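Novice: Based on the sequences and whatever the hints tell you, model everything.
Protein chains: 2
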Amino acid sequence: MPDVSKSPLAPRRFPRIPGVAGVRLAVAAAGIKYKRRNDLLLAALPQGTTAAGVFTRSGTASAPVIWCRDNITSGRARALLVNSGNANAFTGDRGMHDVRWSATRVAKALACRPAGVLVASTGVIGEPLPVHRIDTVFPRLIGELGNASWYQAARAITTTDTFPKGAYRRCQIGNTEITVAGIAKGSGMIAPNMATMLAFVFTDARIPAAVLRSVHSATVDRSFNCITVDSDTSTSDTSILVATGQARNAEPESISDRALKNFKQALLEVYVDLATQVVKDGEGASKFITIDVEGATSNTAARKVGLAIAESPLVKTAIAGEDANWGRIVMAVGKSQAQVDQQLLSVSMGGVLIAHRGQRVAGYTESIVDQHLTGSEIEITVNLGLGAGRARVWTCDLTHEYIRINAEYRT
Amino acid sequence: MPDVSKSPLAPRRFPRIPGVAGVRLAVAAAGIKYKRRNDLLLAALPQGTTAAGVFTRSGTASAPVIWCRDNITSGRARALLVNSGNANAFTGDRGMHDVRWSATRVAKALACRPAGVLVASTGVIGEPLPVHRIDTVFPRLIGELGNASWYQAARAITTTDTFPKGAYRRCQIGNTEITVAGIAKGSGMIAPNMATMLAFVFTDARIPAAVLRSVHSATVDRSFNCITVDSDTSTSDTSILVATGQARNAEPESISDRALKNFKQALLEVYVDLATQVVKDGEGASKFITIDVEGATSNTAARKVGLAIAESPLVKTAIAGEDANWGRIVMAVGKSQAQVDQQLLSVSMGGVLIAHRGQRVAGYTESIVDQHLTGSEIEITVNLGLGAGRARVWTCDLTHEYIRINAEYRT
Numbered sequence: 212m213p214d215v216s217k218s219p220l221a222p223r224r225f226p227r228i229p230g231v232a233g234v235r236l237a238v239a240a241a242g243i244k245y246k247r248r249n250d251l252l253l254a255a256l257p258q259g260t261t262a263a264g265v266f267t268r269s270g271t272a273s274a275p276v277i278w279c280r281d282n283i284t285s286g287r288a289r290a291l292l293v294n295s296g297n298a299n300a301f302t303g304d305r306g307m308h309d310v311r312w313s314a315t316r317v318a319k320a321l322a323c324r325p326a327g328v329l330v331a332s333t334g335v336i337g338e339p340l341p342v343h344r345i346d347t348v349f350p351r352l353i354g355e356l357g358n359a360s361w362y363q364a365a366r367a368i369t370t371t372d373t374f375p376k377g378a379y380r381r382c383q384i385g386n387t388e389i390t391v392a393g394i395a396k397g398s399g400m401i402a403p404n405m406a407t408m409l410a411f412v413f414t415d416a417r418i419p420a421a422v423l424r425s426v427h428s429a430t431v432d433r434s435f436n437c438i439t440v441d442s443d444t445s446t447s448d449t450s451i452l453v454a455t456g457q458a459r460n461a462e463p464e465s466i467s468d469r470a471l472k473n474f475k476q477a478l479l480e481v482y483v484d485l486a487t488q489v490v491k492d493g494e495g496a497s498k499f500i501t502i503d504v505e506g507a508t509s510n511t512a513a514r515k516v517g518l519a520i521a522e523s524p525l526v527k528t529a530i531a532g533e534d535a536n537w538g539r540i541v542m543a544v545g546k547s548q549a550q551v552d553q554q555l556l557s558v559s560m561g562g563v564l565i566a567h568r569g570q571r572v573a574g575y576t577e578s579i580v581d582q583h584l585t586g587s588e589i590e591i592t593v594n595l596g597l598g599a600g601r602a603r604v605w606t607c608d609l610t611h612e613y614i615r616i617n618a619e620y621r622t
Numbered sequence: 212m213p214d215v216s217k218s219p220l221a222p223r224r225f226p227r228i229p230g231v232a233g234v235r236l237a238v239a240a241a242g243i244k245y246k247r248r249n250d251l252l253l254a255a256l257p258q259g260t261t262a263a264g265v266f267t268r269s270g271t272a273s274a275p276v277i278w279c280r281d282n283i284t285s286g287r288a289r290a291l292l293v294n295s296g297n298a299n300a301f302t303g304d305r306g307m308h309d310v311r312w313s314a315t316r317v318a319k320a321l322a323c324r325p326a327g328v329l330v331a332s333t334g335v336i337g338e339p340l341p342v343h344r345i346d347t348v349f350p351r352l353i354g355e356l357g358n359a360s361w362y363q364a365a366r367a368i369t370t371t372d373t374f375p376k377g378a379y380r381r382c383q384i385g386n387t388e389i390t391v392a393g394i395a396k397g398s399g400m401i402a403p404n405m406a407t408m409l410a411f412v413f414t415d416a417r418i419p420a421a422v423l424r425s426v427h428s429a430t431v432d433r434s435f436n437c438i439t440v441d442s443d444t445s446t447s448d449t450s451i452l453v454a455t456g457q458a459r460n461a462e463p464e465s466i467s468d469r470a471l472k473n474f475k476q477a478l479l480e481v482y483v484d485l486a487t488q489v490v491k492d493g494e495g496a497s498k499f500i501t502i503d504v505e506g507a508t509s510n511t512a513a514r515k516v517g518l519a520i521a522e523s524p525l526v527k528t529a530i531a532g533e534d535a536n537w538g539r540i541v542m543a544v545g546k547s548q549a550q551v552d553q554q555l556l557s558v559s560m561g562g563v564l565i566a567h568r569g570q571r572v573a574g575y576t577e578s579i580v581d582q583h584l585t586g587s588e589i590e591i592t593v594n595l596g597l598g599a600g601r602a603r604v605w606t607c608d609l610t611h612e613y614i615r616i617n618a619e620y621r622t
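Protein sequence lines correspond, in order, to chains B and H.
Taking the working numbering, I'd label the letters of the first sequence as residues 212 to 622.
Taking the working numbering, I'd label the letters of the second sequence as residues 212 to 622.
These are computed hints drawn from the structure, not numbers from a lab.
Fair warning: there could be bad hints in the mix.
[Stated by the list, open to error] If you only want the chain B side, here are some residues facing chain H, beta carbon under 10 Å, derived:
id: 1; residue: Gly532
id: 2; residue: Ala549
id: 3; residue: Arg568
id: 4; residue: Arg571
id: 5; residue: Arg615
id: 6; residue: Asn617
[Stated by the list, open to error] Here are the computed lysine to aspartate or glutamate pairs in the EDC-like style, where the Cα-Cα straight-line distance is at most 20 Å:
id: 7; chain 1: H; residue 1: Lys244; chain 2: B; residue 2: Glu577
id: 8; chain 1: B; residue 1: Lys244; chain 2: H; residue 2: Asp534
id: 9; chain 1: H; residue 1: Lys244; chain 2: B; residue 2: Asp534
Treat the numbers as computed from the prediction; the structure is a model and nothing was measured.
Built from N, CA and C at the ideal position, the CB exists for glycine as well.
Specialist: Quick look at the structure:
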């Protein structure tokens with residue numbers, strides 16, 4: 212992990228996340244890449260746990276992603292093994308062999324099938340996974356099951372992250388108290404669909420696999436698929452949601468079951484919390500940017516415009532420089548390829564209307580917006596004036612520190 | 212123009228470009244934004260000049276782009292007026308009015324129709340064009356026609372450029388000697404389709420408008436549409452090719468006329484020369500990167516992969532840091548959304564095969580590639596192993612200087 216101090220946008224502290232019934236965590240230091248820190252996480256899950264996953268759309272997906280995509284179709288999981296420091300990506304047949312070996316190792320210890328062991332890896336691409344190191348610490352990892360905290364788990368999966376990321380919410384399904392708790396990592400190579408971003412969310416709710424899959428996809432779409440740090444899509448992006456069923460709530464029948472309303476909201480809050488923490492740890496980030504797009508022809512078009520703004524290096528550097536260069540926002544809207552009529556386009560920053568229906572508003576004074584830009588939370592609102600489509604997208608600014616981190620990451 | 216020293220990748224000197232029969236140039240300092248430098252260029256063209264243009268695909272195209280797109284359909288031009296410092300983009304009705312006013316002013320002086328006057332503007336977006344300043348220097352501009360050099364013309368159209376860009380070639384159509392000469396500007400907001408990039412190329416050849424249009428599009432596709440600096444698409448990108456016909460060669464009938472072979476090659480050389488100069492002046496560039504993609508299912512797919520690599524901030528920062536982080540190249544290939552089979556993928560840098568058919572080659576030693584990366588001209592070759600499609604794409608690295616320039620551009 213490069214020697215970088217904590218992001219100025221980091222939350223003040225890691226939340227006090229309660230346990231999730233049925234989930235037992237363990238961490239270990241295998242020395243895969245990093246020295247003197249935990250880099251392995253194992254989560255054991257009880258029988259009957261349902262699981263859903265969303266993975267990178269990269270054409271060069273990592274071996275663990277290929278493994279998980281194949282195995283999560285069962286909708287079941289008994290364990291989750293995660294390592295940091297090595298992505299096991301672009302490692303050919305050996306990479307697939309190493310995943311199978313790891314899953315089998317966990318399966319034996321937990322008396323389940325290898326297919327029930329989900330695996331995720333994050334770190335350098337193209338280097339073989341040093342499985343012998345994992346092998347050495349494996350007995351200890353198994354022996355420690357149940358002893359690790361969420362904080363330790365969140366730390367073990369980090370790479371260039373400057374702080375561990377966790378979130379939780381309590382909610383109800385019917386009259387049953389439910390806990391939703393999650394951890395995530397990610398700070399660079401962050402873009403939707405998805406990012407070098409791993410997110411693992413655990414709930415004790417009882418949710419059938421098909422329902423869990425729908426809820427998870429819809430939630431990821433409004434959280435991790437609405438963030439970008441640098442527009443680069445990783446080989447390893449993984450979001451996994453597991454439900455242990457230990458809360459014994461009445462089983463919902465579909466995603467539209469009214470009993471799920473409170474749960475879906477809690478889940479979305481956990482995902483948005485984790486996703487925005489990833490952005491707040493965006494490599495070199497000094498400002499957190501929320502972009503609201505309204506008046507698009509559809510929600511999809513709105514997100515397209517939002518992401519075009521969020522991914523523009525020129526918008527992001529202007530904000531880093533606290534420069535109210537709103538012309539670059541117009542440029543980014545233009546390049547989005549979404550339907551746009553510049554005569555109807557309005558742009559605001561920090562709640563101040565700068566341009567309305569195709570031109571700068573009369574009497575616009577930059578000083579108020581400049582004031583807003585000196586803060587660390589920046590708001591951009593774009594109204595396309597075409598329809599009812601809307602989306603909210605989050606990103607961070609592009610600073611010298613991003614360059615420093617990424618020009619020095621591997622060496 | 213921010214106080215930045217000349218790009219380390221700049222050519223040693225501006226070429227000694229000969230005159231093009233029929234083209235008369237003038238420059239003037241209107242003080243649109245910059246002080247004490249020329250910011251207006253006028254090129255007068257003789258009757259019978261044919262013209263072709265390619266413009267930004269931005270949904271928020273500038274007023275001059277809208278004007279040119281409408282008027283170039285005639286295939287004729289009598290003048291070209293260019294200003295730097297203000298893009299006249301997102302300026303509403305007033306912007307269109309200002310273009311019409313400028314064109315009419317030139318048309319009166321040259322006794323032609325306003326529709327024959329092509330206009331281009333580059334600079335800040337969203338601020339009204341200060342036409343009164345142009346008005347003041349206008350008589351002088353007309354009076355100076357024929358007195359400006361290519362060097363002066365190339366300098367007058369620059370914004371954040373650290374050096375003026377020009378190129379020329381001589382060739383033959385039949386037995387007639389032909390000159391092709393061009394100037395360009397651009398250094399940021401550079402991406403294909405196109406970039407804040409203006410290119411104006413002039414030839415004395417006699418080419419019917421329809422043929423000129425085809426030749427121009429094909430040439431832009433293999434030059435300006437194969438470069439990227441920061442993936443941002445400008446509101447103002449313009450490439451215009453004019454042919455004065457003064458060389459009186461036999462008129463070619465189609466783009467496939469054999470007499471054009473030599474001319475097409477010369478034209479492509481001029482465009483690639485200008486396009487790569489734009490990349491070499493990429494904001495903050497310290498390394499010039501040539502990416503060859505082979506084995507794609509089509510040339511279009513190859514270009515898509517090449518641009519995904521060229522636009523990846525993680526690839527560009529790694530190269531800035533002289534780090535042979537080829538895993539990021541694999542990541543970028545994966546995110547391109549072109550057809551990819553990672554089992555067939557090979558990656559080389561500086562001619563050294565690093566990964567072959569889906570994994571790192573046995574015995575690969577990074578030190579040779581590291582050596583290559585210390586140079587200023589970097590070569591990346593990717594073979595997808597799928598077909599005969601190929602493309603060459605150019606970009607530059609992403610450095611601290613990019614951030615510095617763009618966080619401070621406007622203020």
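Novice: Hints first: check each against the structure and report whether it holds.
Specialist: Right, here's what the structure says about each hint:
Against a cut-off of 10 Å between C-beta atoms, the interface hint on Gly532/B holds, since the closest Cβ of chain H lies about 3 Å away. Among the interface hints, the one on Ala549/B holds; its C-beta lies about 7 Å from the nearest C-beta in chain H, closer than the 10 Å criterion. Given hint, Arg568/B at the interface with chain H, holds; its Cβ is 8 Å from that chain's nearest Cβ, closer than 10 Å. Hint status for Arg571/B: holds, given a least beta-carbon distance of 6 Å to chain H, under 10 Å.
Below 10 Å, beta-carbon pairs count as interface contacts, and Arg615/B has one with chain H at about 7 Å; its hint therefore holds. Annotation: Asn617/B was flagged as interfacial toward chain H, and the flag holds, the nearest CB pair being 4 Å apart, inside 10 Å. Restraint check: the Cα-Cα separation between Lys244/H and Glu577/B comes to about 18 Å, which is no more than 20 Å; the hinted pair holds. Note on Lys244/B and Asp534/H: the hinted pairing holds, with a Cα-Cα distance of about 17 Å set against a maximum of 20 Å.
Between Lys244/H and Asp534/B the alpha-carbon distance is near 17 Å, which keeps this suggested pair within the 20 Å criterion.
The structure fails none of the hints (numbered hints given earlier).
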